[in-house]
Amino acid sequence: MKVAKGLCAAALISLASSAWAERLVIAEIPSPDFTEAQKVSSDEWVLVTEISSLALPTSASLAPGSQRELVFSAGGQKYRIARADVVLENETLVTSACDTLALSISSDTRSASVKGAGESCD
Amino acid sequence: MRLIRRLFTVSVLALSLTSCAAISLEDKQLKGVEGYAVDNSDLQQVHRIGRVLVSDQALLDYVNGIKTRLDAANSEPCNCQVLVDTFNGYEAFTPSPRTILLSAGAIAQAESEDEIAALIAHEMSHVVNGDSTRSKFQSAAITALRAGEIAAGGGYGVVLGDALKESAQGLIYHRWDREDEIEADLYAVELLAKAGYSQDGLKMAIRRLGQYSASALENRNDEELRCLINQGNNKFNIDFKGCAAKATGSRDSVYEPQESRLEAVNEAAWELPPEQRRRRAESDAPRFASIDYLMNLNSLVGSSRETLEKELAEVESRQIPPSLERNAYIYNLLAQTHAILGNGPEAQAYFRKAIDGDYRTTYNYRHLLQFAHEQNDPKLVSTLINVMHQDIGLSPEMLPYEYYLAKRHGLKLVEAAAYTRCIVSLTSDTALAKQCSDFEDAAESGRDIQWH
Numbered sequence: 000m001k002v003a004k005g006l007c008a009a010a011l012i013s014l015a016s017s018a019w020a021e022r023l024v025i026a027e028i029p030s031p032d033f034t035e036a037q038k039v040s041s042d043e044w045v046l047v048t049e050i051s052s053l054a055l056p057t058s059a060s061l062a063p064g065s066q067r068e069l070v071f072s073a074g075g076q077k078y079r080i081a082r083a084d085v086v087l088e089n090e091t092l093v094t095s096a097c098d099t100l101a102l103s104i105s106s107d108t109r110s111a112s113v114k115g116a117g118e119s120c121d
Numbered sequence: 000m001r002l003i004r005r006l007f008t009v010s011v012l013a014l015s016l017t018s019c020a021a022i023s024l025e026d027k028q029l030k031g032v033e034g035y036a037v038d039n040s041d042l043q044q045v046h047r048i049g050r051v052l053v054s055d056q057a058l059l060d061y062v063n064g065i066k067t068r069l070d071a072a073n074s075e076p077c078n079c080q081v082l083v084d085t086f087n088g089y090e091a092f093t094p095s096p097r098t099i100l101l102s103a104g105a106i107a108q109a110e111s112e113d114e115i116a117a118l119i120a121h122e123m124s125h126v127v128n129g130d131s132t133r134s135k136f137q138s139a140a141i142t143a144l145r146a147g148e149i150a151a152g153g154g155y156g157v158v159l160g161d162a163l164k165e166s167a168q169g170l171i172y173h174r175w176d177r178e179d180e181i182e183a184d185l186y187a188v189e190l191l192a193k194a195g196y197s198q199d200g201l202k203m204a205i206r207r208l209g210q211y212s213a214s215a216l217e218n219r220n221d222e223e224l225r226c227l228i229n230q231g232n233n234k235f236n237i238d239f240k241g242c243a244a245k246a247t248g249s250r251d252s253v254y255e256p257q258e259s260r261l262e263a264v265n266e267a268a269w270e271l272p273p274e275q276r277r278r279r280a281e282s283d284a285p286r287f288a289s290i291d292y293l294m295n296l297n298s299l300v301g302s303s304r305e306t307l308e309k310e311l312a313e314v315e316s317r318q319i320p321p322s323l324e325r326n327a328y329i330y331n332l333l334a335q336t337h338a339i340l341g342n343g344p345e346a347q348a349y350f351r352k353a354i355d356g357d358y359r360t361t362y363n364y365r366h367l368l369q370f371a372h373e374q375n376d377p378k379l380v381s382t383l384i385n386v387m388h389q390d391i392g393l394s395p396e397m398l399p400y401e402y403y404l405a406k407r408h409g410l411k412l413v414e415a416a417a418y419t420r421c422i423v424s425l426t427s428d429t430a431l432a433k434q435c436s437d438f439e440d441a442a443e444s445g446r447d448i449q450w451h
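Chains as they are written, first to last, in numbering that gives the first Met the number 0: chain A, 0 to 121; chain B, 0 to 451.
The set of hints was computed from the structure by calculation and includes no laboratory data. Glycine residues also receive a C-beta, built at the ideal position from the N, C-alpha and C atoms. Among the hints, erroneous ones may be present.
Unchecked claim - Just so you have them, the derived chain B footprint on chain A, three or more residues with Cβ under 8 Å:
#1 39 to 47
#2 54 to 61
#3 87 to 94
As the list claims (entries may be wrong) - Coverage of chain B stretches by chain A, computed from C-beta distances (three or more under 8 Å per stretch; other residues unrestricted):
#4 56 to 70
#5 80 to 93
#6 207 to 213
#7 346 to 359
#8 420 to 426
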């Protein structure tokens, strides 16, 4: 009876944790020739172009305890990859220029990022 | 806006009687914090674009601590400091070789200290390589070209002048800027690695800048530029300006596309030792009350009247952090929002707080000068123009207004100075010269002008 209860609790925990784990989709790897992933099982680093079974888009989740690494599966192996190296489906990385405030923007500032952001927003 | 314009008597008098003496070109210490002396022209440049620096000691010590760590790893330390302005977008820029400016939005949205370090390292390259100084030389070269061309060609030259301007801007954005940006990214790759930071922050920064830039460009209201205009019967007119813009691509983008920047960064990072290129960002960027408050102001963007009233009440229920209590940006925004909602007394009260703050912006002077003009007070107009020059420098945006007011109120010295600047603008900014001319006509015929 105790075993049955334990199994039931484990199943519930498993269901709950999978429901809570954020499901993500890797849509693109911008520079595959210079991007490595790490095998979870052995910590071995491999170029993503050498993971022949990897087809994009593919689902992924955040690596345990990290906001900056993702885990994906390919060919029966799990791999860790930097969040910075992948583009996620429907990702929003920054507040839109039209959703930020600008009382006045003039043209005499030289910006290394973006010039005149928001100046033409409705 | 009419309400906010009306009743500024107390504020204007307070400013003219008390604040003028307090504003000095010699005072370069950033007010509200210790240990940060700011170049006056950098300060004025920030105020001209409606922003104010954030006087948050902990924030400035934090970002300059990152810069010190980068300096320690660098063979050529940057004789500069990092400051933060109130803007909520994701930006970093270098107004002069002495100052690196990060926006509040960049600090708020960076995921890690490594990302902030990446923005600073990138800007340090512009400082060390003199890119901001070089851009001034480039501008001067364009001005000289246009001046020579107008002198030689008269009216014909003015037509070609616009085409030349397009060409020059196209060349700047598509050759010099692109080279500078890639060079700065590669500089950052090396410096971040040496200082023990991850490359991930730089990659995320480039991607965020790319996304932010794209959202800004999507909303740019460029008129459709046509090179050849079909008149029918196989006859075509040539639009020099449109042709130049198309040929140089000056309207296509503002900065280097993120794809090519990322490619260059990834390729450079690949050359680093494995432990450096595989390093992950470790420290989260800390939270600052000033930054949180500024980002919360985004809730006042683009709402219906009911939503705006609700959001404004929510913003006002929050206590302004001590580091922003004398920051005109906050009060200008609250004054503007109240004015939109027709709440005159509240708008006026916030506007008064803004001009009693540590610094004032173009927005403040536009309203103050309009008020002084409507009071028909030449002495006050003259005093305000002088104070404005100290607070925001010689603003191209305000020049036509100065010229108009000088003529209307018989301020001969101000008129002579403004007239000279208007003439000089002929060689660098034909739109500004045209506005000067329009305002001159209005002043001479006693007509009113559009202030806002």
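Now the hints, each set against the structure:
Remark: the region 39 to 47 of chain A is not confirmed as covered by chain B, as 1 of its residues place a Cβ nearer than 8 Å to a Cβ of that chain, below the required three. Evaluation of the coverage hint for the region 54 to 61 of chain A: breached, as 0 residues show C-beta separations to chain B shorter than 8 Å, against a requirement of three. Given as covered by chain B, the region 87 to 94 of chain A passes the check, having 4 residues with a CB less than 8 Å from a CB of that chain where 3 are the minimum. Given as covered by chain A, the region 56 to 70 of chain B fails the check, having 0 residues with a CB less than 8 Å from a CB of that chain where 3 are the minimum.
Under a criterion of three residues with beta carbons nearer than 8 Å to beta carbons of chain A, the stated coverage of the region 80 to 93 of chain B is upheld, 8 such residues being counted. Chain A is given as covering the region 207 to 213 of chain B, and this holds because 5 residues of the stretch bring a CB closer than 8 Å to a CB of that chain, at least three being needed. Only residues whose beta carbon comes within less than 8 Å of a beta carbon in chain A count, and the region 346 to 359 of chain B has 0; fewer than three means the coverage is violated. Counting residues of the region 420 to 426 of chain B whose C-beta lies closer than 8 Å to any C-beta of chain A gives 0; at least three are required, and the coverage claim is violated.
Figure legend: structure checked against the earlier numbered hints; hints not met, in rising order: 1, 2, 4, 7, 8.
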